[in-house]
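K.L.:
Those protein sequence lines, which keep their order, are chains P and G.
Read in numbering that gives the first Met the number 0, the first sequence has 154 at position 155, and its numbers run on one by one without any break.
Read in numbering that gives the first Met the number 0, the second sequence has 11 at position 12, and its numbers run on one by one without any break.
If you are wondering where the hints come from, they were derived from the structure by calculation, not from laboratory data.
There's no promise every hint is true.
What the hints assert, rightly or not - Ranges between beta-carbon positions, derived for each pair:
| # | chain 1 | residue 1 | chain 2 | residue 2 | range |
| --- | --- | --- | --- | --- | --- |
| 1 | P | E125 | G | L137 | 20 to 26 Å |
| 2 | P | P70 | G | L69 | 29 to 35 Å |
| 3 | P | T154 | G | N266 | 41 to 47 Å |
| 4 | P | G143 | G | N266 | 37 to 43 Å |
| 5 | P | R27 | G | F501 | 46 to 52 Å |
| 6 | G | G448 | P | P70 | 57 to 63 Å |
| 7 | P | N123 | G | Q352 | 34 to 40 Å |
| 8 | G | G251 | P | E125 | 36 to 42 Å |
| 9 | P | P145 | G | A207 | 37 to 43 Å |
| 10 | P | T154 | G | T529 | 32 to 38 Å |
| 11 | P | T165 | G | K272 | 52 to 58 Å |
| 12 | P | T165 | G | L137 | 41 to 47 Å |
| 13 | P | E125 | G | A167 | 30 to 36 Å |
| 14 | P | T156 | G | F501 | 23 to 29 Å |
To be verified - One-sided excerpt, in silico: chain P residues whose CB lies under 7 Å from chain G:
| # | residue |
| --- | --- |
| 15 | F45 |
| 16 | F52 |
| 17 | A54 |
| 18 | L81 |
| 19 | L84 |
| 20 | T87 |
| 21 | I91 |
| 22 | A124 |
| 23 | Y172 |
| 24 | T182 |
Glycine included, each C-beta is placed from N, C-alpha and C at the ideal position.
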Amino acid sequence: MNPNPSSPDATPPRPGDLIAELVRAASREGRLITAAELEAAYRESFGPGPEDFAAELEAALAGHGDLARLPGAGGREYFHSLRHLSATYAGILARRGDPLLLIAATVRENSQLYPRPLALDVFNAEPFGLTPEVIREVLHGMHGNPTYVDIAAHTTTTGAIYLYSTRHLDHGYAAFLAERIETGLVDNP
Amino acid sequence: MNTPAKPQDNPAGYTGADAVVAAIGQAGENQVPMSVVMNSVSHSAGGVGGVMGAKRLKAIGVQGSNPVYLAGPKEEWEKLVKYHLSLLGANNQHVVPSSPQPWAEFYNPGSRWVAARGRAWEAANPPVETGPCDPHDLNRIAYRTNNFVYFLGKQAWQYTVRGNGCTACPIRCHTTFKVPSVAAKYGIREVGQNTCVGLVFGRGFFKAPGAWNTGPAALEACMVGLSLADDLVVWCNYSQLQRDFIKLYYEGHIKAKLGEDEFKSYNWEKYEKNDPSFLFELLPRIAHRQGELATALGMGTGYHLERWGIPESVWTEAKNTNYWKMGHPKHHANEDDGQCGVIINTMYNRDAQNHSHCNFVRSGLPIQVQKKLAAELWGAPEAVDAIGDYRPMHPAKARRAKWACLRKELHDSLSICNWMGPWIASPLKERGYAGDDTLESRFYSLATGHRLDRDELDRVGERIFTLHRALTIRDMGTQDMRGQHDTVPGWVFKDPQDLPPFSKGTIRMDRDDIKKGMDLFYAEMGWDQTTGAPTRQAYRRLGLGEVAEDLARRNLL
């Protein structure tokens, strides 16, 4: 982006650069932005802008390595800057509109990557921000649904419920890890 | 002087407010072995209070007004310090936050990096928001850790006043907290400060269900416990005192060994109800050697078991004791780090106090990232396993165990914190989460002007470690370290569900594999495979030829 747009010799900023700055600004505020929101913000800030906004958006994505797109709940598409919002955090935000998908995707990711089961109360806190009622509904919705047949639960000796994906963790290992997280770590300082 | 005031308060009156004081308390004055020396409210060193008491040495005060002189250029030092800060995580070098943060690719609910937007030191006036703590913001490092919350759960935010810790350290692993209700209820100070086992000192005496440990009663038990421990200056031996007490009571040893009058002098009903006020009955008696129970507990596990005629094997076979050998517990052994943890725990005659290895495996990074870093440092990804998914012994594990021991010795000798270092992982994605294994040698070289690279300084650590080994051989009067010192308790080879070693979900080790592990470790150290004692060649290689000759004269080489 041109650091000094008022200079008579300055090159006017290209639409792609301005779009990139709008994506970054949203990410700095901790939120994702859709193409429609970008276009509206662009026109509000910089005037009519390019006729083919979608093409300029593609150019911005190609020309700015920190920009990323990701699919979200309900078929929506979001954009964010990796400088300010990691792919992990952005993924959580993108799925917040679909608690079932959010919990399942997060559980699968944790089971595969670290690997570990995840306590239900993780989903109460930010950035998930789900209420206990919604979480209960999600668990009920998963029950018997073939899409989520791999999501399983384990209750620890402290009464905490942990979720894991059987695609990546078997029950015995998930139970061991849940108990370790729940009691083992704090008893082993 | 038996005073209920904090021990360091009165000596400071003699030395002036600008002095730093390390003092013993009532337990030390009464020469109780389970006593500590304390400094700056909550910093304690175990087991030496009674030694100072025997010498009638109440406290040591240090006063100074001159700067610390550096051999190297100040600018270089500043640059190195800034670089070091950029690689820091939270306490124990946990390099990922406990909950998803905008900047973070990874998170781990078990991390001590508990700061987040919406989480605040609520007992501060006004409350202080900890925030997301982007690792590039070096002015937010001190907000990352809150060990009061880590050990006592979310309830602890409302009582948190601030982070505290050692002078100049940005990590602030000691937390200061204010719990007003305990002042009226128990007659103790409402403000406390501590970390780790000092923080949970009181809670540990009670055999309570897991969920109790992060509830309000546990919080009160912690407040009572740390208040009494600070006043009496009793040592817990990494919570072995508490585990011993629970086992001795619930398995009937206490009732069997005490006279009826003494047994009835304790309110056991109160104890079984997990009432923290029970600690007022027990802990002062330990500090004053009052009665058989308190006297025996104050001696430490080894002497206690001997005094009561309980075979040590009863403790070494029981996982719930966490007992290792020679009176000491395990300290991050197989439950955290498989064979590396076991090898490290065999090497000392107190709990290992070694965090070089477990800071890495508990960093919070995914196992594949850990394996990548391990391959770079120790030559193979097999140097580290996922927790509870241990694989057979590998030479790279022996290299890592050796590295962990040498770094611990270096840290102790250089006054570098082994609860934080070494720094082989970092929170920085742009570095592939790599830390820097050369930091210690760079600091040492700049500070002293004696330039040593990483390997050269590690060799100094090896010399210290080997000299330590020689002292153990001399004082035990035997070369047979493998048979008589480097022992592994039976519980390491058991599983409550009888899962076999190397199956997922067990910390059970295999006896032959551990033997192989010790073989590989001794080979890395250049020690004799049969005895586990350093060879003459190993001593000479490290410039310890005279030590070898001295041991030879004693028939110990």
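K.L.:
All hints are to be evaluated individually against the structure, with a verdict given for each.
P.N.:
Here is what the structure says about each hint:
Separation of P:E125 from G:L137 is about 24 Å and conforms to the stated range, judged on CB atoms against 20 to 26 Å. Roughly 55 Å separates the CB atoms of P:P70 and G:L69, a value that falls outside the hinted 29 to 35 Å. The given range of 41 to 47 Å is broken by P:T154 and G:N266, whose C-beta atoms sit roughly 34 Å from each other. Taking 37 to 43 Å as the suggested C-beta distance range, the pair P:G143 and G:N266 does not conform, at roughly 53 Å.
Between P:R27 and G:F501 the beta carbon distance is about 48 Å. The supplied range of 46 to 52 Å therefore holds. For G:G448 and P:P70, the hinted distance range of 57 to 63 Å is satisfied, since their beta carbons lie about 58 Å from each other. Separation of P:N123 from G:Q352 is about 37 Å and conforms to the stated range, judged on CB atoms against 34 to 40 Å. G:G251 and P:E125 have their C-beta atoms about 49 Å apart, which leaves the hinted 36 to 42 Å range violated.
For P:P145 and G:A207, the hinted distance range of 37 to 43 Å is satisfied, since their beta carbons lie about 42 Å from each other. Restraint check, P:T154 to G:T529: a C-beta distance of roughly 49 Å breaks the suggested window 32 to 38 Å. The supplied range of 52 to 58 Å is broken by P:T165 and G:K272, whose beta-carbon atoms lie about 41 Å from each other. Taking 41 to 47 Å as the suggested C-beta distance range, the pair P:T165 and G:L137 conforms, at roughly 43 Å.
For P:E125 and G:A167, the hinted distance range of 30 to 36 Å is satisfied, since their beta carbons lie about 33 Å from each other. For the pair P:T156 and G:F501, the supplied restraint of 23 to 29 Å holds, since their beta-carbon distance comes to about 25 Å. The beta carbon of P:F45 comes no nearer than 26 Å to any beta carbon in chain G, farther than 7 Å, and the hint placing it at the interface is violated. Interface hint status for P:F52: violated, as the beta-carbon distance to the closest one in chain G is roughly 27 Å, over 7 Å.
Contact between P:A54 and chain G, as hinted, is not supported at the beta carbon level, the nearest pair being about 29 Å apart and thus beyond 7 Å. Evaluation of the P:L81 hint against chain G yields a violated restraint, the C-beta minimum of about 9 Å exceeding 7 Å. The interface hint given for P:L84 is met, as the beta carbon of that residue sits about 5 Å from the closest beta carbon of chain G, less than 7 Å. A least Cβ separation of about 5 Å between P:T87 and chain G falls short of the 7 Å threshold, and the interface hint therefore holds.
A distance limit of 7 Å between C-beta atoms decides the matter here; for P:I91 the minimum to chain G is near 6 Å, and the interface restraint holds. At its closest, the beta carbon of P:A124 sits 6 Å from a beta carbon of chain G; the interface hint therefore holds under the 7 Å criterion. With 7 Å as the threshold, the beta carbon of P:Y172 comes within range of chain G, its nearest partner Cβ sitting at about 4 Å, so the hint holds. This hint holds: P:T182 has a C-beta 5 Å from the nearest C-beta of chain G, less than the 7 Å allowed.
In this structure, the earlier hints numbered 2, 3, 4, 8, 10, 11, 15, 16, 17 and 18 are contradicted, and the remaining ones agree with it.
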